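Chemist: Each chain, letter by letter, is given below.
2 protein chains.
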Amino acid sequence: MERIWTTELADHVGERVLLKGWLHRLRQLSHVTFLVLRDAQGTAQIVIDDTQLAAQLAALQAESLLSIQGEVVAEPQAPGGVEIHQPQIEVLVAVQEPPPLELFRPTLKAQLPTILDHAPVALRHLRQRAIFQLSSAAMNGFRDTLRARKFVEIQTPKIVGAATEGGANVFRIDYFDRSAYLSQSPQLYKQIMVGVFERVFEVGPAFRAEPHDTPRHINEFVSLDAEIGFIRDHFEVMALLAEVLRGVFATMQQEAETALAQLKVQLPMLPETVPTLHFSEALELVARETGADVTQAVDLSGADERVLGTWALREHNSDFVFVWGYPTQQRAFYTHPDPERPFYSRGFDLIFRGLELVSGAQRLHRYEEYLTALAVRGMPTESFVGYLEAFRHGMPPHGGFAIGLERLLARLIEAPNIRETTLFPRDLTRLTP
Amino acid sequence: MERIWTTELADHVGERVLLKGWLHRLRQLSHVTFLVLRDAQGTAQIVIDDTQLAAQLAALQAESLLSIQGEVVAEPQAPGGVEIHQPQIEVLVAVQEPPPLELFRPTLKAQLPTILDHAPVALRHLRQRAIFQLSSAAMNGFRDTLRARKFVEIQTPKIVGAATEGGANVFRIDYFDRSAYLSQSPQLYKQIMVGVFERVFEVGPAFRAEPHDTPRHINEFVSLDAEIGFIRDHFEVMALLAEVLRGVFATMQQEAETALAQLKVQLPMLPETVPTLHFSEALELVARETGADVTQAVDLSGADERVLGTWALREHNSDFVFVWGYPTQQRAFYTHPDPERPFYSRGFDLIFRGLELVSGAQRLHRYEEYLTALAVRGMPTESFVGYLEAFRHGMPPHGGFAIGLERLLARLIEAPNIRETTLFPRDLTRLTP
Chain P
1 MERIWTTELA
11 DHVGERVLLK
21 GWLHRLRQLS
31 HVTFLVLRDA
41 QGTAQIVIDD
51 TQLAAQLAAL
61 QAESLLSIQG
71 EVVAEPQAPG
81 GVEIHQPQIE
91 VLVAVQEPPP
101 LELFRPTLKA
111 QLPTILDHAP
121 VALRHLRQRA
131 IFQLSSAAMN
141 GFRDTLRARK
151 FVEIQTPKIV
161 GAATEGGANV
171 FRIDYFDRSA
181 YLSQSPQLYK
191 QIMVGVFERV
201 FEVGPAFRAE
211 PHDTPRHINE
221 FVSLDAEIGF
231 IRDHFEVMAL
241 LAEVLRGVFA
251 TMQQEAETAL
261 AQLKVQLPML
271 PETVPTLHFS
281 EALELVARET
291 GADVTQAVDL
301 SGADERVLGT
311 WALREHNSDF
321 VFVWGYPTQQ
331 RAFYTHPDPE
341 RPFYSRGFDL
351 IFRGLELVSG
361 AQRLHRYEEY
371 LTALAVRGMP
381 TESFVGYLEA
391 FRHGMPPHGG
401 FAIGLERLLA
411 RLIEAPNIRE
421 TTLFPRDLTR
431 LTP
Chain H
1 MERIWTTELA
11 DHVGERVLLK
21 GWLHRLRQLS
31 HVTFLVLRDA
41 QGTAQIVIDD
51 TQLAAQLAAL
61 QAESLLSIQG
71 EVVAEPQAPG
81 GVEIHQPQIE
91 VLVAVQEPPP
101 LELFRPTLKA
111 QLPTILDHAP
121 VALRHLRQRA
131 IFQLSSAAMN
141 GFRDTLRARK
151 FVEIQTPKIV
161 GAATEGGANV
171 FRIDYFDRSA
181 YLSQSPQLYK
191 QIMVGVFERV
201 FEVGPAFRAE
211 PHDTPRHINE
221 FVSLDAEIGF
231 IRDHFEVMAL
241 LAEVLRGVFA
251 TMQQEAETAL
261 AQLKVQLPML
271 PETVPTLHFS
281 EALELVARET
291 GADVTQAVDL
301 SGADERVLGT
311 WALREHNSDF
321 VFVWGYPTQQ
331 RAFYTHPDPE
341 RPFYSRGFDL
351 IFRGLELVSG
361 AQRLHRYEEY
371 LTALAVRGMP
381 TESFVGYLEA
391 FRHGMPPHGG
401 FAIGLERLLA
411 RLIEAPNIRE
421 TTLFPRDLTR
431 LTP
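Chains as they are written, first to last, in the numbering used here: chain P, 1 to 433; chain H, 1 to 433.
Take these hints with a grain of salt, some might be off.
The list that follows gives simulated cross-link-like pairs (lysine-lysine, DSBU-like), each with its CA atoms no further than 30 Å apart [stated by the list, open to error]: (1) K150(H) to K150(P); (2) K109(H) to K264(H); (3) K264(P) to K150(P); (4) K264(P) to K150(H); (5) K109(H) to K109(P).
Partial selection, computed: residues in chain P whose CB lies under 10 Å from chain H [what the hints assert, rightly or not]: (6) W5; (7) V121; (8) F151; (9) I159; (10) A163; (11) R377; (12) G378; (13) P396; (14) F424.
Covered stretches of chain H, as calculated for chain P (at least 3 residues, CB under 8 Å) [what the hints assert, rightly or not]: (15) 75 to 83; (16) 97 to 105; (17) 267 to 280; (18) 373 to 382.
No lab work stands behind these hints, which were simulated from the structure alone. All of these numbers come straight from a predicted model, not from anything done at the bench. Think of the CB as a built atom: it goes at the ideal place given N, C-alpha and C, for glycine as much as any other residue.
Sequences are here, hints too, so could you generate the full structure?
Modeler: So, in structure tokens, the structure goes:
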């Protein structure tokens with residue numbers, strides 16, 4: 001008999017079926033025992049009338065592996081409207097110890113460090129695994145949206161010869177008899193690849209040796225990067241980003257509806273026209289809303305971003321707000337200045353529910369501009385030989401953005417700590433599991 | 001006017017269109033000048049009758065960026081059957097120096113090290129970029145095939161606390177005040193995640209500090225990993241692998257037909273039933289074909305694999321041959337022994353055109369078996385605490401495989417050196433570009 005998923009039971013009422021999965025929970029009532037079996041798609045309730053079988057099952061630990069044949073019966077009272085009667089149960093693996101966390105509870109009853117310590121088991125919890133079903137759907141939506149627009153997927157090296165964007169916060173590697181570094185972002189490579197494919201994207205790890213122990217920092221994260229050539233200006237990049245996020249949320253809805261329901265996630269409001277402020281307008285708005293004097297500010301604080309988030313929701317019914325035109329000196333060397341007012345750049349941030357989610361920009365594309373930008377910042381050209389070669393030999397106007405996958409999910413499910421949306425987080429103190 | 005791709009010209013005969021791209025080549029004949037414009041999709045021939053314009057263009061270096069409006073004319077002699085007449089040409093970026101390699105030639109006229117040194121420009125060559133269009137299609141095909149079978153995509157950490165599979169060939173990282181390592185494969189994490197999703201895959205970098213300077217070794221590569229739970233045996237894993245490869249080749253055909261033609265690639269012969277040999281049968285076959293005495297061998301040599309490849313093609317019209325049952329002691333500790341003959345394992349290799357392309361296996365799934373396997377190999381359980389926790393709390397029979405993306409492409413296009421199918425290779429001596 002072919003195994004079916006627990007989520008397919010409703011199509012098989014009246015038939016005998018084969019299920020396989022984990023012993024999620026056993027509840028012994030006075031006259032009947034309910035066994036909940038969990039598989040990768042969902043759970044099923046199995047009704048056990050046979051007292052001898054019930055006694056055998058009571059001796060099993062949760063998470064034991066079972067193969068169950070039984071009859072599918074419609075039962076409006078049962079979860080999902082169906083249950084299994086007359087089961088024949090084969091124990092595939094008998095677990096010897098109770099799990100470190102009770103997986104059948106609606107939420108895990110433990111502190112985050114304990115949950116993370118026991119991630120190999122904790123991730124089996126229905127709510128925990130739903131987070132990473134959304135993560136998978138987010139990657140699918142990102143890629144599918146870009147593939148449909150002729151973007152080519154690339155895989156660029158994570159071992160690099162020099163710190164990507166200059167100096168600090170880079171992990172050093174023993175690379176045979178010399179030093180190498182872990183890539184902080186695929187930025188330079190994705191720009192080079194615009195010279196080849198015009199439109200590229202990458203989904204991969206990025207590494208930041210930031211010694212911050214906060215709920216917002218992890219030292220290895222997944223970066224969803226895109227870069228596009230032959231743009232007019234940064235507004236085209238921002239429009240592409242909004243399209244990509246629409247694709248991400250649509251794919252979540254299509255592929256992970258159960259996970260969304262499990263996590264009680266409301267998909268965000270992303271209007272056709274996302275509210276968009278110039279950096280100087282954003283400062284004025286913050287001043288108006290809070291009375292604070294921010295006229296000399298060269299960046300937005302976390303508090304400022306929250307003010308803008310609240311404003312966007314209130315005035316535009318939007319969970320998102322774009323801010324562009326951050327001062328050029330505050331942004332990375334490859335950021336294109338605003339030709340009209342070069343103090344300001346064509347760099348932007350996308351603020352999602354009051355927190356910066358995505359950074360992006362139009363980039364410089366002329367070789368001479370790069371030489372100047374590096375010189376102004378006192379950065380040596382020797383670390384950028386290959387990168388500069390691309391510009392010396394013709395690059396179109398281009399721009400792009402990077403979305404932090406774990407941060408996107410954390411904001412979406414409103415998790416207070418980014419570690420909750422990271423499978424196996426790496427931070428100042430955590431290298432395992 | 002909206003820009004169109006060079007590959008769309010045939011649909012616009014008689015119209016005026018806008019193209020953008022790189023000055024690929026300029027050929028001045030006595031009465032006419034031909035300009036070849038390259039964009040991300042292809043090339044277009046532009047005919048210049050105006051001698052003044054021709055003289056202006058002659059002053060430009062190759063790889064300059066151009067925006068060209070002109071009339072599309074059917075011309076059977078022209079490449080693709082169309083060309084552009086009456087062009088108006090705007091120079092977007094005027095390049096100042098000739099490129100380090102002549103990109104218009106059918107193949108790059110340089111040695112591999114020179115091509116790799118100048119990768120940011122060399123990758124623009126039509127043949128070079130075709131390789132990485134196939135690479136993108138391969139990833140798409142891998143993922144799409146698995147997504148259709150309810151596999152969930154995961155992203156597991158590349159910074160790990162201990163060497164994944166024991167000891168050697170691991171890069172050490174300065175991780176704040178201690179040591180960490182670069183992941184050699186997602187093996188342990190993908191197995192853990194079978195406990196969560198039953199079916200998982202990952203596309204990501206893997207790192208091997210092998211100090212070998214050969215055409216077959218690079219130190220960072222892209223691993224296409226899959227793992228599936230509730231299998232009967234390794235034959236199910238092998239069947240899945242064959243399905244995945246069929247998906248990969250089908251996607252190449254659909255999405256990268258031009259690239260296949262450019263590279264003159266014949267898609268491999270992958271019959272419905274892939275020839276499959278037990279390790280001991282493979283040894284006998286090698287002995288029969290070559291007269292060599294290999295009866296005591298515990299592994300297959302490169303020469304043996306070539307013999308098997310030749311045999312599979314000759315006898316079964318197949319570019320692939322499976323060998324399973326490699327001696328258990330020769331395989332990683334998590335490999336499931338053959339229950340009938342535990343000297344042999346349920347580990348397999350897939351040999352593609354005489355070279356090992358994929359390794360896979362059914363894995364151990366019982367906690368006690370892991371304790372024994374580690375003890376037998378003298379490996380400490382302390383390095384595997386999280387991993388072992390998954391097995392202590394119930395794992396189904398499972399197995400999987402890993403395909404090296406660059407190796408798959410190298411065999412497919414019959415490149416003698418794996419660096420040819422790696423965007424920016426990392427090896428003993430190469431860390432840039």
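Chemist: Next item in the hint list is P396(P). Is there a CB on chain H closer than 10 Å to its CB?
Modeler: holds, 5 Å
Chemist: Hinted pair, alpha-carbon criterion (30 Å max): K150(H), K150(P). Please report holds or violated.
Modeler: holds, 26 Å
Chemist: Can we keep the I159(P) interface hint, with Cβ of chain H closer than 10 Å?
Modeler: With Cβ-Cβ at 5 Å, under 10 Å, it holds.
Chemist: Taking the least C-beta to C-beta distance, is W5(P) closer than 10 Å to chain H?
Modeler: For W5(P), the interface hint holds, since the closest Cβ of chain H sits about 8 Å away, which is under 10 Å.
Chemist: Mind checking the alpha carbons of K264(P) and K150(H) for me, to see if they're no more than 30 Å apart?
Modeler: holds, 23 Å
Chemist: Closer than 10 Å between Cβ atoms is the bar; does V121(P) clear it against chain H? Give me holds or violated.
Modeler: holds, 5 Å
Chemist: Identify whether the interface hint at F424(P) stands, where standing means a beta carbon of chain H within less than 10 Å of its own.
Modeler: This hint holds: F424(P) lies near chain H, its Cβ roughly 5 Å from the closest one there, short of 10 Å.
Chemist: Take the stretch 373 to 382 of chain H, compare each residue's beta carbon with every beta carbon of chain P, and decide whether three or more fall closer than 8 Å.
Modeler: violated (count 0)
Chemist: For the hint on R377(P), does the least C-beta distance to chain H fall short of 10 Å?
Modeler: violated, 21 Å
Chemist: K109(H) and K109(P): Cα distance at most 30 Å?
Modeler: Violated, at about 65 Å.
Chemist: Could you grab the alpha-carbon distance between K109(H) and K264(H) and see if it respects the 30 Å cut-off?
Modeler: holds, 18 Å
Chemist: With chain H as the partner, please determine if A163(P) meets the hint condition of a C-beta pair closer than 10 Å.
Modeler: violated, 13 Å
Violated hints, in rising order: 3, 5, 10, 11, 12, 15, 17 and 18; the structure is consistent with all others.
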